[in-house]
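Participant: Knowing the structure of chain C, use the given hints to seat chain Z on it.
Top line first, the protein sequences correspond to chains C and Z.
Numbering follows my numbering, with no gaps: position 67 of the first sequence is 138.
Numbering follows my numbering, with no gaps: position 252 of the second sequence is 548.
The hints are simulated quantities; they were obtained by calculation from the structure and are not laboratory data.
Where hints are given, some of them may not hold.
[Claimed, not checked] Straight-line C-alpha distance at most 25 Å; calculated PhoX-like pairs for lysine-lysine:
| # | chain 1 | residue 1 | chain 2 | residue 2 |
| --- | --- | --- | --- | --- |
| 1 | C | Lys252 | C | Lys209 |
| 2 | C | Lys101 | C | Lys291 |
| 3 | C | Lys194 | C | Lys250 |
| 4 | C | Lys270 | C | Lys138 |
| 5 | C | Lys101 | C | Lys240 |
| 6 | C | Lys250 | Z | Lys419 |
| 7 | C | Lys194 | C | Lys157 |
| 8 | Z | Lys516 | C | Lys252 |
| 9 | C | Lys250 | Z | Lys484 |
| 10 | C | Lys279 | Z | Lys484 |
| 11 | C | Lys270 | C | Lys291 |
| 12 | C | Lys194 | C | Lys240 |
| 13 | C | Lys209 | C | Lys112 |
| 14 | C | Lys194 | Z | Lys339 |
| 15 | Z | Lys516 | C | Lys279 |
| 16 | C | Lys240 | C | Lys208 |
| 17 | C | Lys101 | C | Lys252 |
| 18 | C | Lys194 | C | Lys112 |
| 19 | C | Lys240 | C | Lys252 |
| 20 | Z | Lys546 | Z | Lys323 |
| 21 | C | Lys252 | Z | Lys484 |
| 22 | Z | Lys339 | C | Lys279 |
| 23 | C | Lys240 | Z | Lys339 |
| 24 | C | Lys250 | Z | Lys516 |
| 25 | C | Lys291 | C | Lys208 |
| 26 | Z | Lys419 | Z | Lys469 |
[Claimed, not checked] Quick list of the computed label-pair ranges, beta carbon to beta carbon:
| # | chain 1 | residue 1 | chain 2 | residue 2 | range |
| --- | --- | --- | --- | --- | --- |
| 27 | Z | Val475 | C | Ser198 | 29 to 37 Å |
| 28 | Z | Leu328 | C | Ile93 | 38 to 46 Å |
| 29 | C | Ser255 | Z | Ala559 | 29 to 37 Å |
| 30 | C | Glu289 | Z | Gln346 | 20 to 28 Å |
| 31 | Z | Ser441 | C | Thr210 | 31 to 39 Å |
| 32 | Z | Phe547 | C | Val196 | 52 to 60 Å |
The beta-carbon is built from N, C-alpha and C at its ideal position, and this holds for glycine as well.
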Amino acid sequence: MRKDYFIIGLMFCMFGCIGTDIVDDFVEAKVSIDNPISSLKVNSSYQFEATYLNNIGVAEAAAFEWKSSDVSVLSIDNEGMATGLKLGEAMVIATANGLSDSLSLIVSDTTTGVVQERVAELKTVSSYPLSGRAILKKTGGKTVLEFDDTFNTTSALPGLYVYLTNNVKSINEALEVAKVKAFSGAQSYEISEDIALTKYGFVLFYCKPFLVPVGDGELKP
Amino acid sequence: MKKTLLSIILFGTVTLTSAGDGWVQSKKEGYLKLSQWWLVSDKHYTSTGQIDPNQTRATYVTSIYGEYGISDRLTAVLYFPFFTRSLSYDQESATTGEIIQEGEAINSVGDTELTVKYGLLQKGPVFLAGSYSLGIPFGTVEGGSDGSLQTGIGEFYHIFRLDASTSFNIGGKYPFVSVYGAYNQRTKNYSNEFRYGFKTGVELNKWILILQAYGVGSFKNIQNNFNTTGTSIFGNNMEFFTISPEVGFKFNDHFGLSANIGAAIWGRLILAAPSYSVGVFWIP
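Just chain C, same shape as in the assembly:
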């Protein structure tokens, strides 16, 4: 009888159940002006856009309120359309769900500062080494993510993928760019989606098979 119980116990042990990991994916919600410029030509207009990112870094629809800090220099309507009225400087402020983002804008004789590329200084967030620089840019009508020749990580990471995300704690809603092709040196990845350069705030390196963040870098500007 005792033997029977033991065999039954063994059979029971064979069927391990799928449990649950709790992922700390909280990030502060924020509003982000997606297409900043540094100067706007007087008597011309520019359409600003903004995004509200919730507490897991996912974009949510929101009603934005647009304001100019000096309406004699710069006007802006409720849709984010700004018009330079006279030479000077003003702040553009976008607000949604009680959160704001702002940028300083010079009204001058030319429009400048449209973002052409963004750069992220990469750092490890794990015990695996990861460093270097990533550049996100438009080239030849395509969006491309490049690592320069300072990029370096370890060959112990066969399942290393690179993502664009607004939450470095999770790949939920992140854009998977590609599996990393080489563990060091310059390399380039064409992004399949036609995205705005400012849609994502971070480059994230993730060990996809084991869902481990390995390193990241904030894209600037």
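Facilitator: For chain Z alone, kept in the frame of chain C given last:
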């Protein structure tokens, strides 16, 4: 990883005094053991030996291990994991409570090992045996939606091993001490390995107490994991050193139970959690 897991499983399976080590079976005698081995881990040793978190992974292996004496010098050994289950946990957002990613599980036969063992010295005081093992990749190499669940490594391998054991009289009890060294020739772009171990134990009435320490090191002749089968970060160059106590109980001369725990106190590219094993053994 499963290759190393298989090693750990085998270490956890074959530790009773009536099997393994420098002794071989007498002709037509044998040993049989049914075991359940499992490991659940949410962290791992990195390539630099530090411990990092990971999605919880678990492996459950139900196996049969048997030895049979073909002659007084030659023993055939089979390790057959007839049911192996590998799984990953659900990922739930602490912020929203939603499931970010569903966990998965696969079940299959696991990688199997066939061994022939020859008794080089069998008259004491030191017993010496050499063996050759062939690893057969019956397990699943790339399971689950992303191919990261495995019940096998997908390679044949060859292990050449030398065991030495001795036993002595202390107050009418006969504790034993064993050591071994082994070379694992791997294929499919995996680095070859060396293995070593120490074991001591004693039988006290119906109880068997064993303490063993064993390790695996990599020759690192293959430096990266890009060409390995599957997507496990544990596919190549894993190393560890484990301490494993075991207790057994013999109901009679033929039948008994055993349980052990193995904990890697040092490692590289291997899960960082204790493994457990329970089993029932039969000596004809």
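Participant: A separate judgement is required for each hint: does it hold in the structure or not?
Facilitator: Taking the hints in turn, this is what the structure says about them:
1. Lys252(C) to Lys209(C): 21 Å, holds
2. Lys101(C) to Lys291(C): 16 Å, holds
3. Lys194(C) to Lys250(C): OK: Lys194(C) and Lys250(C) at ~18 Å, within 25 Å.
4. Lys270(C) to Lys138(C): Answer holds: Lys270(C) to Lys138(C) is near 22 Å, not above 25 Å.
5. Lys101(C) to Lys240(C): Holds: Lys101(C) and Lys240(C) sit about 16 Å apart, inside 25 Å.
6. Lys250(C) to Lys419(Z): Since the Cα atoms of Lys250(C) and Lys419(Z) sit roughly 58 Å apart, the hinted pair is violated (cutoff 25 Å).
7. Lys194(C) to Lys157(C): Status violated; Cα separation ~43 Å.
8. Lys516(Z) to Lys252(C): Status holds; Cα separation ~21 Å.
9. Lys250(C) to Lys484(Z): Cα-Cα ~21 Å, so holds.
10. Lys279(C) to Lys484(Z): 23 Å, holds
11. Lys270(C) to Lys291(C): Between Lys270(C) and Lys291(C) the Cα gap is close to 12 Å, so the pair holds against 25 Å.
12. Lys194(C) to Lys240(C): Answer holds: Lys194(C) to Lys240(C) is near 14 Å, not above 25 Å.
13. Lys209(C) to Lys112(C): Holds. Lys209(C) to Lys112(C) sits at ~24 Å (cutoff 25 Å).
14. Lys194(C) to Lys339(Z): OK: Lys194(C) and Lys339(Z) at ~21 Å, within 25 Å.
15. Lys516(Z) to Lys279(C): 24 Å, holds
16. Lys240(C) to Lys208(C): 24 Å, holds
17. Lys101(C) to Lys252(C): 33 Å, violated
18. Lys194(C) to Lys112(C): 38 Å, violated
19. Lys240(C) to Lys252(C): Status holds; Cα separation ~23 Å.
20. Lys546(Z) to Lys323(Z): OK: Lys546(Z) and Lys323(Z) at ~23 Å, within 25 Å.
21. Lys252(C) to Lys484(Z): The given pair, whose Cα atoms are some 20 Å apart, holds under the 25 Å limit.
22. Lys339(Z) to Lys279(C): 15 Å, holds
23. Lys240(C) to Lys339(Z): 16 Å, holds
24. Lys250(C) to Lys516(Z): 24 Å, holds
25. Lys291(C) to Lys208(C): Holds. Lys291(C) to Lys208(C) sits at ~11 Å (cutoff 25 Å).
26. Lys419(Z) to Lys469(Z): 19 Å, holds
27. Val475(Z) to Ser198(C): 29 to 37 Å: Once the Cβ atoms are compared, 33 Å apart, the range 29 to 37 Å for Ser198(C) and Val475(Z) holds.
28. Leu328(Z) to Ile93(C): 38 to 46 Å: Check passed, 43 Å falls within 38 to 46 Å.
29. Ser255(C) to Ala559(Z): 29 to 37 Å: 35 Å, holds
30. Glu289(C) to Gln346(Z): 20 to 28 Å: 25 Å, holds
31. Ser441(Z) to Thr210(C): 31 to 39 Å: Between Ser441(Z) and Thr210(C), where Cβ atoms are some 33 Å apart, the hint holds.
32. Phe547(Z) to Val196(C): 52 to 60 Å: At roughly 53 Å between Cβ atoms, Val196(C) and Phe547(Z) fall inside 52 to 60 Å, so the hint holds.
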